[in-house]
Amino acid sequence: MKKMDISHKIKDHFHKQIKKDKNLNNAYLLVHSQKAGIHLNVASGHGQTEINTLQPQYMASVGKLFTATLISIFREKGHLKFDDKIADFLESDMLNKLHVYKNTDYSGYIRISHLLNQTSGLFDSFWPLLQNVLNDPNFKICPKDAIQWGKENLSSKFKPGTKHYYSDTNYYLLGLILESISKKPFHELLHQYIFDPLKMDSAYVFGYSKPKVQSEYLLAGFYVKNQDLSQLENYPGIDYSGGGVVATMEDLLLFMKGLLGNQLINKNTLTMMMEDRKSLNLSINYGYGIWMFKKIPLILPTSMYCWGCVGATGAFLFYHPFSESFIIGNFNDLTYHTKAIQFMLFKVVKELVKNQR
Numbered sequence: 001m002k003k004m005d006i007s008h009k010i011k012d013h014f015h016k017q018i019k020k021d022k023n024l025n026n027a028y029l030l031v032h033s034q035k036a037g038i039h040l041n042v043a044s045g046h047g048q049t050e051i052n053t054l055q056p057q058y059m060a061s062v063g064k065l066f067t068a069t070l071i072s073i074f075r076e077k078g079h080l081k082f083d084d085k086i087a088d089f090l091e092s093d094m095l096n097k098l099h100v101y102k103n104t105d106y107s108g109y110i111r112i113s114h115l116l117n118q119t120s121g122l123f124d125s126f127w128p129l130l131q132n133v134l135n136d137p138n139f140k141i142c143p144k145d146a147i148q149w150g151k152e153n154l155s156s157k158f159k160p161g162t163k164h165y166y167s168d169t170n171y172y173l174l175g176l177i178l179e180s181i182s183k184k185p186f187h188e189l190l191h192q193y194i195f196d197p198l199k200m201d202s203a204y205v206f207g208y209s210k211p212k213v214q215s216e217y218l219l220a221g222f223y224v225k226n227q228d229l230s231q232l233e234n235y236p237g238i239d240y241s242g243g244g245v246v247a248t249m250e251d252l253l254l255f256m257k258g259l260l261g262n263q264l265i266n267k268n269t270l271t272m273m274m275e276d277r278k279s280l281n282l283s284i285n286y287g288y289g290i291w292m293f294k295k296i297p298l299i300l301p302t303s304m305y306c307w308g309c310v311g312a313t314g315a316f317l318f319y320h321p322f323s324e325s326f327i328i329g330n331f332n333d334l335t336y337h338t339k340a341i342q343f344m345l346f347k348v349v350k351e352l353v354k355n356q357r
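Position one of the sequence shown corresponds to residue 1 (full-length UniProt numbering), numbered consecutively onward.
Hints are not guaranteed to be accurate.
What the hints assert, rightly or not - Restricting the straight-line Cα-Cα distance to at most 20 Å, the calculated cross-link-like pairs of lysine to aspartate or glutamate (DMTMM-like) are:
#	residue 1	residue 2
1	Lys-35	Glu-324
2	Lys-144	Glu-179
3	Lys-257	Glu-179
4	Lys-295	Glu-324
5	Lys-35	Glu-351
6	Lys-163	Glu-324
7	Lys-294	Glu-351
8	Lys-151	Asp-105
9	Lys-210	Asp-196
10	Lys-183	Asp-88
11	Lys-210	Glu-250
12	Lys-354	Glu-324
13	Lys-350	Asp-12
14	Lys-339	Asp-12
15	Lys-157	Asp-105
16	Lys-81	Asp-276
17	Lys-163	Glu-250
18	Lys-77	Glu-179
19	Lys-163	Asp-105
20	Lys-267	Glu-76
21	Lys-278	Asp-84
22	Lys-81	Glu-91
23	Lys-77	Asp-196
24	Lys-85	Asp-276
25	Lys-210	Glu-233
26	Lys-77	Asp-88
27	Lys-144	Glu-188
28	Lys-77	Glu-188
29	Lys-97	Glu-152
30	Lys-354	Asp-5
31	Lys-278	Asp-83
32	Lys-257	Glu-233
33	Lys-35	Asp-276
34	Lys-85	Asp-5
35	Lys-11	Glu-324
36	Lys-295	Asp-276
37	Lys-163	Asp-124
What the hints assert, rightly or not - What follows is a set of in silico ranges between Cβ atoms, one per label pair, in the way DEER data are often shown:
#	residue 1	residue 2	range
38	Asp-93	Tyr-305	41 to 49 Å
39	Leu-282	Asp-196	36 to 44 Å
40	Phe-139	Ser-283	32 to 40 Å
To be clear, the hints were calculated from the coordinates, so they are not data collected in a lab.
The beta-carbon is built from N, C-alpha and C at its ideal position, and this holds for glycine as well.
Make a model of the complete structure from these sequences and hints.
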């Protein structure tokens, strides 16, 4: 298949997806493969505001891969080890009854690796706090208070290191650990160690920082039940190091190229981030902020394997080794968490695999 043909096929799949869902306000897709000679960057949607491929995108939990990368950078600098106990870095008030399971306090047993691969067993504050923000525009909370709220209102799920449970609390804590070590705010660390070195000039942390170069285009709205969450002043307080990264599609490509090309961390560290993984579900393994698709006979052959990260808004950021392709997109709607993955795999990756045969 010619490179023009595959670009047209993928673009056609994208526009068909938008056309059949009239509730999609905006959506974006970038596919880049030097091997296949492809660079596709498209945007579309049914919203009232202007839609442009150069718009900054809020990437939701895709930001966890940035947080995990920051932790890995600090490890390479000798500031921490993956198996360090979080008690070595956090204040006693934060640790007090942080993880209580069956009347036993396991807070002192949690290690950084447990936070990274979501095996701490800690409660997840994000979704109930999101509901509070939606219900009350004046509801305001910071990451530390979000953790305290979780202690008072939610329960831990299991002993640390025994199972997998996806929780934003794990990544709030990683952000606080980075701040404790560096004595700098989390958003400044992202700019210093990732955005600036990679020249991600459009990138910033939603609600916390500003880009090096201000875009002429508005931040793409992201929605739940047709309500634009980007307009909620207090939303960033429940996001922080659990998400929050905003950037253009092209700058997100710079990040993935930098991560794969050892510009941020070395190859061995990236391998460690992938190998200390747990099963997220039947089709996905979860490493240190990294989603990896499992081989499923007849459905997901080895040729379709890819790794990256996913956000609840239908955001995704992946590398497909078989075709040496980067696949980045965002549907900016909370109903697209699963549908975005399906689209990426069966409408984009599948075409890239066909193109290699």
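Each hint tested on the structure:
1. Lys-35 - Glu-324: Distance of about 6 Å is within 20 Å: holds.
2. Lys-144 - Glu-179: holds (12 Å)
3. Lys-257 - Glu-179: violated (26 Å)
4. Lys-295 - Glu-324: holds (18 Å)
5. Lys-35 - Glu-351: Holds, because 14 Å separates the two Cα atoms, which is no more than 20 Å.
6. Lys-163 - Glu-324: The hint is violated at about 33 Å.
7. Lys-294 - Glu-351: Within the cut-off at roughly 19 Å; holds.
8. Lys-151 - Asp-105: holds (12 Å)
9. Lys-210 - Asp-196: Distance ~12 Å between Lys-210 and Asp-196 Cα, so the pair holds.
10. Lys-183 - Asp-88: With a Cα-Cα distance of about 15 Å, the restraint between Lys-183 and Asp-88 holds, given a limit of 20 Å.
11. Lys-210 - Glu-250: Between Lys-210 and Glu-250 the Cα gap is close to 17 Å, so the pair holds against 20 Å.
12. Lys-354 - Glu-324: holds (13 Å)
13. Lys-350 - Asp-12: holds (14 Å)
14. Lys-339 - Asp-12: Holds, at roughly 17 Å.
15. Lys-157 - Asp-105: Satisfied, since the Cα-Cα distance of roughly 12 Å is no more than 20 Å.
16. Lys-81 - Asp-276: Given pair Lys-81, Asp-276 holds - Cα atoms ~14 Å apart, limit 20 Å.
17. Lys-163 - Glu-250: Violated: Lys-163 and Glu-250 sit about 36 Å apart, past 20 Å.
18. Lys-77 - Glu-179: Judged against 20 Å, a Cα distance of about 15 Å means the pair holds.
19. Lys-163 - Asp-105: holds (17 Å)
20. Lys-267 - Glu-76: Holds. Lys-267 to Glu-76 sits at ~11 Å (cutoff 20 Å).
21. Lys-278 - Asp-84: This hinted pair holds, its Cα atoms lying about 19 Å apart.
22. Lys-81 - Glu-91: holds (18 Å)
23. Lys-77 - Asp-196: holds (18 Å)
24. Lys-85 - Asp-276: holds (16 Å)
25. Lys-210 - Glu-233: holds (15 Å)
26. Lys-77 - Asp-88: OK: Lys-77 and Asp-88 at ~17 Å, within 20 Å.
27. Lys-144 - Glu-188: holds (18 Å)
28. Lys-77 - Glu-188: Judged against 20 Å, a Cα distance of about 17 Å means the pair holds.
29. Lys-97 - Glu-152: Roughly 10 Å separates the two Cα atoms, so the pair holds.
30. Lys-354 - Asp-5: holds (11 Å)
31. Lys-278 - Asp-83: Roughly 16 Å between the alpha carbons, so the hint for Lys-278 and Asp-83 holds.
32. Lys-257 - Glu-233: Outside the cut-off at roughly 33 Å; violated.
33. Lys-35 - Asp-276: violated (29 Å)
34. Lys-85 - Asp-5: violated (52 Å)
35. Lys-11 - Glu-324: holds (19 Å)
36. Lys-295 - Asp-276: holds (18 Å)
37. Lys-163 - Asp-124: holds (15 Å)
38. Asp-93 - Tyr-305: 41 to 49 Å: Hint holds: Cβ distance 44 Å, inside 41 to 49 Å.
39. Leu-282 - Asp-196: 36 to 44 Å: The hint (36 to 44 Å, Cβ to Cβ) holds, given that Leu-282 and Asp-196 are roughly 40 Å apart.
40. Phe-139 - Ser-283: 32 to 40 Å: Between Phe-139 and Ser-283, where Cβ atoms are some 36 Å apart, the hint holds.
Of the numbered hints listed earlier, those contradicted by the structure are 3, 6, 17, 32, 33 and 34.
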